[in-house]
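Peer 1: What follows is the residue order along each chain.
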Amino acid sequence: MSGPDRLLLSGDEAVALAARDGGVTLGTGYPGTPSTEILETFSKLGGRAQWSPNEKVAMEVAIGVAFTNARALVTMKHVGLNVAADPLFTATHTGVAGALVVVSADDPGMASSQNEQDNRRYAVAAVAPMLEPADSQEAYDFTRLALQVSERWGLPVLLRLTTRVCHSKAVVRPAGASTPVHEPATYVRDIKARVMIPAYARPAHRRLREKLARIAEWNEAEGPNQEVDGDRSLGIITSGISFMHVREAAPEAAVLKLGMTYPLPIEAVRRFVGSVARCVVIEEGDPYLVEAIRAAGLKVEGKPEMYRFGELNVGRVQRILAGDVSPEPVPPPGKAPQLCQGCPHRSVFGALHNLDCIVASDIGCYTLAVLPPFEAADTCVCMGASIGVGLGLRHVLPPEQARRVVSTLGDSTFIHSGITGLVEMVYNPPKTGHLVIILDNGTTAMTGLQEHPATGRTLDHQPTGKVIIEDLVRSLGIANVHVTDPTTNPAAFQELVAQSLASEKLTVIIARRNCLLAAGRIKSYEQAAARAEIPENCVEQQD
Amino acid sequence: MSNKTKVTSIVIAGLGGQGVLKASDIVAEVAFRAGLDVKKSEVHGMSQRGGSVASDVRFGEKVLSPMVPPGEADYLVVLSSDQVEPNRWQLREGGTLIAPEVVPEGSLRDKRSLNVALLGCLSMSLPFTESAWQEAIRQNLAEKLHITNLQAFAAGRAATNRA
Numbered sequence: 011m012s013g014p015d016r017l018l019l020s021g022d023e024a025v026a027l028a029a030r031d032g033g034v035t036l037g038t039g040y041p042g043t044p045s046t047e048i049l050e051t052f053s054k055l056g057g058r059a060q061w062s063p064n065e066k067v068a069m070e071v072a073i074g075v076a077f078t079n080a081r082a083l084v085t086m087k088h089v090g091l092n093v094a095a096d097p098l099f100t101a102t103h104t105g106v107a108g109a110l111v112v113v114s115a116d117d118p119g120m121a122s123s124q125n126e127q128d129n130r131r132y133a134v135a136a137v138a139p140m141l142e143p144a145d146s147q148e149a150y151d152f153t154r155l156a157l158q159v160s161e162r163w164g165l166p167v168l169l170r171l172t173t174r175v176c177h178s179k180a181v182v183r184p185a186g187a188s189t190p191v192h193e194p195a196t197y198v199r200d201i202k203a204r205v206m207i208p209a210y211a212r213p214a215h216r217r218l219r220e221k222l223a224r225i226a227e228w229n230e231a232e233g234p235n236q237e238v239d240g241d242r243s244l245g246i247i248t249s250g251i252s253f254m255h256v257r258e259a260a261p262e263a264a265v266l267k268l269g270m271t272y273p274l275p276i277e278a279v280r281r282f283v284g285s286v287a288r289c290v291v292i293e294e295g296d297p298y299l300v301e302a303i304r305a306a307g308l309k310v311e312g313k314p315e316m317y318r319f320g321e322l323n324v325g326r327v328q329r330i331l332a333g334d335v336s337p338e339p340v341p342p343p344g345k346a347p348q349l350c351q352g353c354p355h356r357s358v359f360g361a362l363h364n365l366d367c368i369v370a371s372d373i374g375c376y377t378l379a380v381l382p383p384f385e386a387a388d389t390c391v392c393m394g395a396s397i398g399v400g401l402g403l404r405h406v407l408p409p410e411q412a413r414r415v416v417s418t419l420g421d422s423t424f425i426h427s428g429i430t431g432l433v434e435m436v437y438n439p440p441k442t443g444h445l446v447i448i449l450d451n452g453t454t455a456m457t458g459l460q461e462h463p464a465t466g467r468t469l470d471h472q473p474t475g476k477v478i479i480e481d482l483v484r485s486l487g488i489a490n491v492h493v494t495d496p497t498t499n500p501a502a503f504q505e506l507v508a509q510s511l512a513s514e515k516l517t518v519i520i521a522r523r524n525c526l527l528a529a530g531r532i533k534s535y536e537q538a539a540a541r542a543e544i545p546e547n548c549v550e551q552q553d
Numbered sequence: 009m010s011n012k013t014k015v016t017s018i019v020i021a022g023l024g025g026q027g028v029l030k031a032s033d034i035v036a037e038v039a040f041r042a043g044l045d046v047k048k049s050e051v052h053g054m055s056q057r058g059g060s061v062a063s064d065v066r067f068g069e070k071v072l073s074p075m076v077p078p079g080e081a082d083y084l085v086v087l088s089s090d091q092v093e094p095n096r097w098q099l100r101e102g103g104t105l106i107a108p109e110v111v112p113e114g115s116l117r118d119k120r121s122l123n124v125a126l127l128g129c130l131s132m133s134l135p136f137t138e139s140a141w142q143e144a145i146r147q148n149l150a151e152k153l154h155i156t157n158l159q160a161f162a163a164g165r166a167a168t169n170r171a
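Protein chains in written order, with our numbering: chain F, 11 to 553; chain A, 9 to 171.
Next comes chain A alone, as it looks inside the complex (with noise of 0.2 Å):
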């Protein structure tokens, strides 16, 4: 099992509209840019229509399987309260769960910009810069929503450093 020891598996779970998939879509670049193998995993179609969404993302030098394996989640980032416990199985013993209590209430111009919140709360556990994400975020959201996306990056990083 010599490739799973270098893979990083992260699980992003919330419900259809609330970002999931852009804020996986965001890891997945941050580590693609870094020049690392990256695969990333979801189901589309009828689950976003408010229902609960999850997907996977794992790098290394070598990622094989793109789905994380049945309780072997580094993290579990989870972007609304009642899909922690629903979830909570994917995470592997000692891993890390980030949920949306960790961005402390009002430190958000805008409360759709949560999913980018938690990835600055992520993104201090992770090995790649802070200009690293906040290129990634850029490239994967409209200009308008640049400047709420990185306030709200910065809010999950510093909210982490308070904890």
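Same shape as in the complex, but just chain F (with noise of 0.2 Å):
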């Protein structure tokens, strides 16, 4: 960092500068790439931030706090959205009273994701008003407008980053410290806006449409986009990361940025598709805006359907304005991603592909194991999905196949979706049993080795308390409860696989060995625990 006027800094970055500079009071959020580093970045910066077991929970407490007159952030990759879309949905009629900024990083052309989704689309389901930033300093800009449209009008609102936005560095000139929240926080009793029975959920429906309605013609007359005067032969409607792909394609075009993008400044829309002969749009992913604009009765053009897939980019905007659906060049393929070697997840998989186990997998790094030598992964849906994917399999599959079902996930995709699935299985067991064995590395890898209630260590590493995943699997009335260094036998290891799954008895194998990545630093951090409790309890005994 060189001075405070000019800083060089990813979108991640700069989201978490504006939550310092914008008063955010606490930032909550479940890891997930390209997500992550808005929250990690927050704490260097002197910021409150803390992981939740998930989504949901995150945005539970986000909305706790906005019940205030405190300002939340709330961060997560597009699929976490998925699992927080059900307080959120209703979050929009209860309104806030403080502020809720939610980031949805969205993952086009899925870099390190298991689906393409455009989270767009929640804006107008859970009736959330949404900006799209461009690069860093509308990360920055963005976040601190999002706030205050929050707590003008009461909403959550919508953040929608994209991979490239999150991950790019850019230059950013930030605006300085708004003044703080007064601490600490009020609260107003305001039970018809806040609990959502049905009578008291069809006005606060009226109201929320009606608070749209004025953001509408706010954003109409003052929000966050721009128009670059071109030859207007052509016109270019866009929005995000496309806009700097098509100022580079098309430098001589007409363009309208839309940088809030629900509800749509339709009347600026209009306006400018009149302005232009020819109006294409421009965005990456679902038709989103083109849908809108056409259900406005205006007439542009989209781009042709094989780009719907993947990002876009300088060359591929050029593609679609010159209509070119020829196919794509295809780039050689690069080096596969594998598991480290030295990976304690190596030993766990080699012995189910050793047992030509059915393998009903999960979010994480050992989902690598799906590659040789491995082939060790049949199915990978959600976080979670592991264990409820299993069970399935198990209740249908003939005897002599469900005996080789086996599901496998990390502690902390675990605890983010895995304890109601052990629910379900205590609940409902397949006649052959189950073995379900939770990869305990004592870490979340996958996204850059974050803390998760299982470590027992604070979002900033340092100790709190902590779940013992053994204790709670025990209480739920699982009998066949091993904890176990897959790598330090490995033979043996296979051979407890084996004897569980014909057991035919409900099993859970906690394989327990820290992430190669992660060993030194959680050392690291024990010992500074360590060391922070010594004078404690020298203390007590000299009392």
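FYI, nobody ran anything at the bench for these hints, they're computed from the structure.
A few of these clues could be false.
Rough simulated footprint, nothing fancy, chain F against chain A, three-plus residues with beta-carbon under 8 Å [claimed, not checked]:
1) 37-45
2) 69-76
3) 85-94
Model, not experiment: these values are computed from the prediction.
Beta carbons: idealized from backbone N, C-alpha and C, even for Gly.
Make one complex out of these two single chains by using the hints.
Peer 2: Below, the structure written as structure tokens:
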């Protein structure tokens, strides 16, 4: 960092700085590429930030914060918003007293995700105003604006980022700190607004639509939308990172760049469309803008279906403008990622490969076990799905196949969404029993070694309450619970798996060995915690 | 396309763990400190587990897209020999390839500083002073790594001079 007036920041870092400067009281979230660095940076900048067990809980905590006059930021990757959708959809009805900014970091092209959903659809479905920054400067500015919009109209605001905005570094000129919120926060009782029984929810929905109409008026008049003058023979309507590709691909074109894409400033769009001879909508992902603009009766061109898939870039935008639908050149394949040499997951998936198991797997580094030499993953759907999917397979397959089904998931994934799956296993046990292997490597490895409730350390690696996975599992009434290091004796581990499958009993194996990349850090955190405890104990003894 | 002529586009490629992202951080920092507009772009996450990694750095008076348009890199810096062919398409006609073989075997105290050594090669073609590079290297690396990496940077420059 070189001076406070000009910084080189990623979009994630810019959101964090804006949260700090904008007086965010509490940041919550669950790690997920490409959103993870937001809360980590916010914490390093002195903000109060915490990981939740999953995005739903993170959203709920943030809603509680915003029910006071405080300001909340909640961060997640696109699929995280599926998990957090339930509270969000009602929080737009209740509204908020303070501010609630929801960051959804989408991953077009799926650099590190299991699907390619376009979360702009969520803004419409949940009725949440949405801002789409195009670079780090706008990530900063729009975070600040999102806080203001949320506070002004008492609504959660969706800040929709994409991978290239989150992870590209660009120059940012911060605006400086705003007036801090008064602490401690204050709460004003407002039962009809906050308790969504049907009698109160019906008027709440009408209030929500009225707020939205007022925000649309504001967006028309003074929203963060920008028109770039140009040759009127070609006009381009765009948003987010696509704006940058468009400016480079067609520097002569007139451009309407939309910063707030829900509710749309449709009259501004109408004027723009009327001012150009040919109007093309360039957007990454779903045809969200083009559909909304056409629904308003405006004649605009969209992109051919082939460009729905993957990220856009300057070359693809040029092709769209030229109407080029010829097959795109495919870059030569690079080297596929793999489980690290010495990764403890290797012993587990080696055993599952040798035993020819049907593996219902999950989201994490260990999904890489699908590749050779292991080829030991048969399904991967969403966080925690390994258990439910494994049970479903067990229920219907003939016994000789059902006995080979194993569910595998990591420690952080288990805490995120695996616990309810285990409850299901106890409640609806398959006739052949089931085996769940929790790959406990002591960290959330895939997203970059974040803490979670079972590490017993907070986001900034300080000691806190610790969920003991084996105690939790046993408390559900699962009798066969094994805790073992799979690397000590891989053959014995394989034998344990074989016996568990043959037993036809409900079994959980916790394969515990710290992630190779995290082991050093975990040790240093533990040593720091031990050092911090010593003086306290000494004092007690002296007493 | 007025801006295109002024923007320098660099792609740095290699394998996860080789320091591709660190190298692109250093390039971006040098350009940023020179007062230029800079954008740097890459994809984090799963690819870093030993797989192919690439990072784009662009600088100039005004940079728009953070991604180097396909086939328009002025410089392609590759940290692993087997990644040269998969990335060659990114280089424009007449662009400069900087491959790991440029740095003679045995000229580095620590092989892990190959990323910075190749920046030494790259630095010979870019309009920034040697001391600005050294400062950016110090800014981006832990202090205990400074000596080794400054030596690697110098080795890269020397190798390019000889070539």
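Peer 1: All the hints need checking, so say for each whether the structure fits it.
Peer 2: The hints, checked one at a time:
1. Closer than 8 Å: that is the beta-carbon criterion, and the segment 37-45 of chain A has 4 residues meeting it against chain F, so the requirement of 3 holds.
2. A count of 5 residues in the segment 69-76 of chain A with a Cβ less than 8 Å from any Cβ of chain F is obtained; the coverage claim is therefore met, three being the minimum.
3. With 4 residues having a beta carbon nearer than 8 Å to a beta carbon of chain F, the segment 85-94 of chain A meets the requirement of three or more and the stated coverage holds.
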